[in-house]
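Asks: Chain residues, written in single-letter form:
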Amino acid sequence: MNCDKIKNMLMTDHLDHELGDKKRELVDQHVSHCKSCQELVRALQDQRSAFSQITPHTPPVQVWQNIHDAITNKESCLKGWKGRLIDTIGSLLAPKPILALGSVFAMMLILMAVGTTHIAGRSQHAYEAEALTILASYSASLDQVDVPTDFGTDIEKFLL
Amino acid sequence: MVDIARETIERAARNDMAAFKEIYQAASPFVYSLALRIVPNSADAQEVTQDVFIKIYHHLSSFRFSSAFKTWIYRITVNTAINYHRKYAKEKQRRVNNEHVLDLASSSSSSDEKALQGDHEAQLNMLLGSLTLEHRACIVLREIEGLNYQQMASALSIPVNTVRSRLKRARQALLQAARKESPYELR
Numbered sequence: 001m002n003c004d005k006i007k008n009m010l011m012t013d014h015l016d017h018e019l020g021d022k023k024r025e026l027v028d029q030h031v032s033h034c035k036s037c038q039e040l041v042r043a044l045q046d047q048r049s050a051f052s053q054i055t056p057h058t059p060p061v062q063v064w065q066n067i068h069d070a071i072t073n074k075e076s077c078l079k080g081w082k083g084r085l086i087d088t089i090g091s092l093l094a095p096k097p098i099l100a101l102g103s104v105f106a107m108m109l110i111l112m113a114v115g116t117t118h119i120a121g122r123s124q125h126a127y128e129a130e131a132l133t134i135l136a137s138y139s140a141s142l143d144q145v146d147v148p149t150d151f152g153t154d155i156e157k158f159l160l
Numbered sequence: 001m002v003d004i005a006r007e008t009i010e011r012a013a014r015n016d017m018a019a020f021k022e023i024y025q026a027a028s029p030f031v032y033s034l035a036l037r038i039v040p041n042s043a044d045a046q047e048v049t050q051d052v053f054i055k056i057y058h059h060l061s062s063f064r065f066s067s068a069f070k071t072w073i074y075r076i077t078v079n080t081a082i083n084y085h086r087k088y089a090k091e092k093q094r095r096v097n098n099e100h101v102l103d104l105a106s107s108s109s110s111s112d113e114k115a116l117q118g119d120h121e122a123q124l125n126m127l128l129g130s131l132t133l134e135h136r137a138c139i140v141l142r143e144i145e146g147l148n149y150q151q152m153a154s155a156l157s158i159p160v161n162t163v164r165s166r167l168k169r170a171r172q173a174l175l176q177a178a179r180k181e182s183p184y185e186l187r
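Protein chains in written order, with my numbering: chain A, 1 to 160; chain B, 1 to 187.
In short, the hints are calculated from the structure, not lab data. Given the structure is predicted, the values throughout are model-derived calculations rather than measurements. No false leads were mixed into what you were given.
As a list, the in silico DSS-like pairs of lysine-lysine whose alpha-carbon atoms are at most 25 Å apart:
no., chain 1, residue 1, chain 2, residue 2
1, B, Lys168, A, Lys22
2, A, Lys74, B, Lys87
3, B, Lys55, B, Lys21
4, A, Lys74, B, Lys55
5, A, Lys22, A, Lys5
6, A, Lys23, A, Lys35
7, B, Lys168, A, Lys5
8, B, Lys55, B, Lys70
9, B, Lys55, B, Lys87
10, B, Lys180, A, Lys35
11, A, Lys35, B, Lys168
12, A, Lys35, A, Lys22
13, B, Lys21, A, Lys74
14, B, Lys180, B, Lys168
15, B, Lys21, B, Lys70
16, A, Lys35, A, Lys5
17, A, Lys23, A, Lys5
18, A, Lys23, B, Lys168
So that you can see chain B by itself, here it is in the shape it has in the complex:
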């Protein structure tokens, strides 16, 4: 995520819409990408992104700069996406094996889902789909966003040792899933 100046955050906290748009432009690719990997489709990811930024706007005045702004946004995003998934897609919540994921991928139709297909990102997305929500969030924060253990613990509100164990289990599951289906083996 691109760095956001403190002055911009303070202006946005005073309901300056231009400053808030700057924050949106800097953070929305991360928020949307993370949401895309937690909720089942792009429409839901867009909904999550909207919820996240509305929450950010309304709670900016309570942000005290005691933690990093990025970590604060990570926390809001992960919580919102996981809650959204649990609330609206409970019946669809799946711990799919690769075959199920394949079916889902072939039936998806939006532009984002099409963009995810046809390259190894689609394969990774399918493999991520086989993880639990918590494990998925851990892998995305570590592997895509590059957070260290301390930052992850803060973003997910869990102890560092829990970060460790979740990462270990998530990686084990990914390796197993990749081994199962040779066409989707990680390169």
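Here chain A stands alone, though its shape is the one from the complex:
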């Protein structure tokens, strides 16, 4: 393995303990007699030890308060929306004063009865009138079957 390849490994897998034992051994052998690679290893180890001293920071208390408020506000908004829907359905299904309901129902029945009778009556009369007219014209035509009065064309009249 050449130096560049070794350096690539030193900066990644070797430093991060992602190399297998065999490869690690090969890399270590090279580093043991390569000054440039030894320098790189030192620099990388310094970098690592500098990062290892970093301690995590705790966010200010206000951050949790803001998160809590944002979540509970959204939930209460949702609850409000659902609540309004339930109220509307409930008001539609809620028992109404029996007298008012009864009078509305009675009015609807009366309107339906009057409407049906009127339509039915009208149609009955119309049918009867039409049937009488047809019968009359039919019987008249029957009466005239044996006594032809119209001979059609002038030639027919001449021949007859």
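Following the hints, position chain B against chain A.
Replies: Just chain B now, kept in the frame of chain A:
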């Protein structure tokens, strides 16, 4: 990050606020610290932390335990912080050299930023500022959180080989930046 019991996660998924607070207490130092190293200042890091935990709360019921809970939180945090940085600090997005970072550090005023100054953590933070967002996230997950390559690949939704190449480039950039300015050379 401190381990979080499955039972706690399940309770939080059923909107149990006490359980959710337990998750917050266990994970918020990591989330906030990672955010602090990706976005430019502590106010933005607090905003990112809030966004992350609100997302966690609303998506807990869809978490199926097929992956580790920690990795899931890492993924949400990294994505949220990077998106936040791109969205709100695009004009300020910087791939600064050490001098620029120095200026920024000297002008920062919040308690967290002051806490970061005066020790080598401030120097590291400045050096991290010279990296791209993706490289920064890689270095923080590896060096501070101690994730292995597989966990990093899962947290960042990238192949393991991409983790390798990003780490290599990030380390090269850090070494170069440290060499440039001797006062900020890594110890």
